[in-house]
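Those protein sequence lines, which keep their order, are chains A and B.
For the first sequence, position 30 matches number 30 in the UniProt record's numbering, and the numbering has no gaps at all.
For the second sequence, position 159 matches number 159 in the UniProt record's numbering, and the numbering has no gaps at all.
Don't take every hint at face value.
To be verified - Derived lysine-lysine pairs resembling BS3-like cross-links, with alpha carbons at most 27 Å apart:
#1 K127/A with K32/B
#2 K128/A with K127/B
#3 K169/A with K32/A
#4 K145/B with K120/A
#5 K87/A with K128/A
#6 K127/A with K46/B
#7 K127/A with K66/B
#8 K149/A with K168/A
#9 K92/A with K46/B
#10 K127/A with K92/B
#11 K169/B with K128/A
#12 K128/A with K87/B
#13 K46/A with K145/B
#14 K7/B with K66/B
#15 K127/A with K7/B
#16 K169/A with K145/A
To be verified - A few chain A residues that face chain B, going by a derived Cβ cut-off under 10 Å, partial list only:
#17 A116
#18 A126
#19 K127
#20 G132
#21 R139
#22 S148
#23 L156
Said to hold, decoys possible - One side of the interface only, derived from the structure: several residues of chain B facing chain A at Cβ under 8 Å:
#24 R6
#25 F60
#26 D62
#27 V86
#28 H119
#29 E122
#30 R123
#31 A126
#32 K130
#33 G132
#34 R133
#35 N138
#36 L143
#37 L144
#38 S147
#39 R151
Simulated from the structure, these hints should not be mistaken for lab results.
Backbone N, C-alpha and C fix where the C-beta goes; we use that ideal spot for every residue, glycine too.
Below are the chains, spelled out letter by letter.
2 protein chains.
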Amino acid sequence: MMHPLRKHIEEIISLTDEEFEFVLGHFEKISKRRHQYLVQEGEIVKREYWVLSGCLKSYFLDETGKEHILQFGMENWWITDYESFVKQVPSKIYIDCIEDCDLLYINFENREKLTASMHKMERFWAKKSKMGRIALQNRILSLLKNSSKVRYQLLLEQYPSLFQRVPKKMIAAYLGVSRETLSRLND
Amino acid sequence: MMHPLRKHIEEIISLTDEEFEFVLGHFEKISKRRHQYLVQEGEIVKREYWVLSGCLKSYFLDETGKEHILQFGMENWWITDYESFVKQVPSKIYIDCIEDCDLLYINFENREKLTASMHKMERFWAKKSKMGRIALQNRILSLLKNSSKVRYQLLLEQYPSLFQRVPKKMIAAYLGVSRETLSRLND
Numbered sequence: 001m002m003h004p005l006r007k008h009i010e011e012i013i014s015l016t017d018e019e020f021e022f023v024l025g026h027f028e029k030i031s032k033r034r035h036q037y038l039v040q041e042g043e044i045v046k047r048e049y050w051v052l053s054g055c056l057k058s059y060f061l062d063e064t065g066k067e068h069i070l071q072f073g074m075e076n077w078w079i080t081d082y083e084s085f086v087k088q089v090p091s092k093i094y095i096d097c098i099e100d101c102d103l104l105y106i107n108f109e110n111r112e113k114l115t116a117s118m119h120k121m122e123r124f125w126a127k128k129s130k131m132g133r134i135a136l137q138n139r140i141l142s143l144l145k146n147s148s149k150v151r152y153q154l155l156l157e158q159y160p161s162l163f164q165r166v167p168k169k170m171i172a173a174y175l176g177v178s179r180e181t182l183s184r185l186n187d
Numbered sequence: 001m002m003h004p005l006r007k008h009i010e011e012i013i014s015l016t017d018e019e020f021e022f023v024l025g026h027f028e029k030i031s032k033r034r035h036q037y038l039v040q041e042g043e044i045v046k047r048e049y050w051v052l053s054g055c056l057k058s059y060f061l062d063e064t065g066k067e068h069i070l071q072f073g074m075e076n077w078w079i080t081d082y083e084s085f086v087k088q089v090p091s092k093i094y095i096d097c098i099e100d101c102d103l104l105y106i107n108f109e110n111r112e113k114l115t116a117s118m119h120k121m122e123r124f125w126a127k128k129s130k131m132g133r134i135a136l137q138n139r140i141l142s143l144l145k146n147s148s149k150v151r152y153q154l155l156l157e158q159y160p161s162l163f164q165r166v167p168k169k170m171i172a173a174y175l176g177v178s179r180e181t182l183s184r185l186n187d
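Throw the hints in and build the complete structure from the sequences for me.
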């Protein structure tokens, strides 16, 4: 059976067996339990994660301690704090596990080495990065333009499985609405 | 004198004279007058622009015809509708000139050819794309977290020259506040 990471990468570029082994050699595997952290505010993030199984969230806390969710992560998704990882500056966000998670990660130096030595992987991540940027642009459009009702419906259409796996209060913290508003939308 | 595009690219990667000539050969120059469009809603965007001189805005119109500004562009900035350009789908936004503009652009096919044949340029745009993603993430954090007063102050610190070049109503349309609110913040 093809390695799930290889299947994922080959959606964008094709790799020989040798090339995939070389790529995989730059990753490590890690398991985390529900509620454990991958990233905490203030640290310099050294790893980009790819989700083998499980579900995570990235979020920040405002001055009142309220949680605002930036991104969820599930199987086949990449997750890290890109600002901290790319610029090697302290993180403004947290990432923790909503379910037990199996992850692969690549550290900063290995990612630099791999992309510098292998044009194909530079191309793969460039594409991923472009898609991430597009998703964020659409999120901004949606935050500026749509009512919470429309934002809820769009999320439900885009990621139906999220609603089975993630508590309602987290959906509310992603959409930027109160739990009470969400309950009304949900009826 | 070094070509401004070369100076810009060499902030991230270094190029020989021959390499820069090869890169430049993939671009065309274009001039636009104030109020002219580069992108209109519904079209499939074929070009990514780099600003030699002038000032532009990208924005979308909501159902009430209200303008929401996504991004400004000035000297040395890249601007296009990335969703439409990357996925070759119809654009949801407009881009037009706030001032007369001189621009370089690269079309979709040339950009694909250039990045496929030249690892350095793939790396350059990958870096640009990562930085764009980080800027959008910070904009989302700011929209979810900060008051309009704080958002105004952050924009003023980050891009002081915008406030000389761009009318107040556009600053308001970027921040997502009314012109009246902006006038109060401005006092």
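Going down the list of hints, with the structure as the test:
| no. | hint | in the structure |
| --- | --- | --- |
| 1 | K127/A with K32/B | violated, 30 Å |
| 2 | K128/A with K127/B | holds, 12 Å |
| 3 | K169/A with K32/A | holds, 22 Å |
| 4 | K145/B with K120/A | violated, 38 Å |
| 5 | K87/A with K128/A | holds, 18 Å |
| 6 | K127/A with K46/B | holds, 17 Å |
| 7 | K127/A with K66/B | violated, 32 Å |
| 8 | K149/A with K168/A | holds, 14 Å |
| 9 | K92/A with K46/B | violated, 36 Å |
| 10 | K127/A with K92/B | holds, 20 Å |
| 11 | K169/B with K128/A | violated, 35 Å |
| 12 | K128/A with K87/B | holds, 12 Å |
| 13 | K46/A with K145/B | holds, 26 Å |
| 14 | K7/B with K66/B | violated, 38 Å |
| 15 | K127/A with K7/B | holds, 25 Å |
| 16 | K169/A with K145/A | holds, 22 Å |
| 17 | A116 | holds, 8 Å |
| 18 | A126 | holds, 4 Å |
| 19 | K127 | holds, 8 Å |
| 20 | G132 | holds, 5 Å |
| 21 | R139 | holds, 6 Å |
| 22 | S148 | violated, 13 Å |
| 23 | L156 | violated, 20 Å |
| 24 | R6 | violated, 21 Å |
| 25 | F60 | holds, 6 Å |
| 26 | D62 | holds, 5 Å |
| 27 | V86 | holds, 5 Å |
| 28 | H119 | holds, 4 Å |
| 29 | E122 | holds, 5 Å |
| 30 | R123 | holds, 6 Å |
| 31 | A126 | holds, 4 Å |
| 32 | K130 | holds, 5 Å |
| 33 | G132 | holds, 5 Å |
| 34 | R133 | holds, 4 Å |
| 35 | N138 | holds, 7 Å |
| 36 | L143 | holds, 5 Å |
| 37 | L144 | holds, 4 Å |
| 38 | S147 | violated, 11 Å |
| 39 | R151 | violated, 12 Å |
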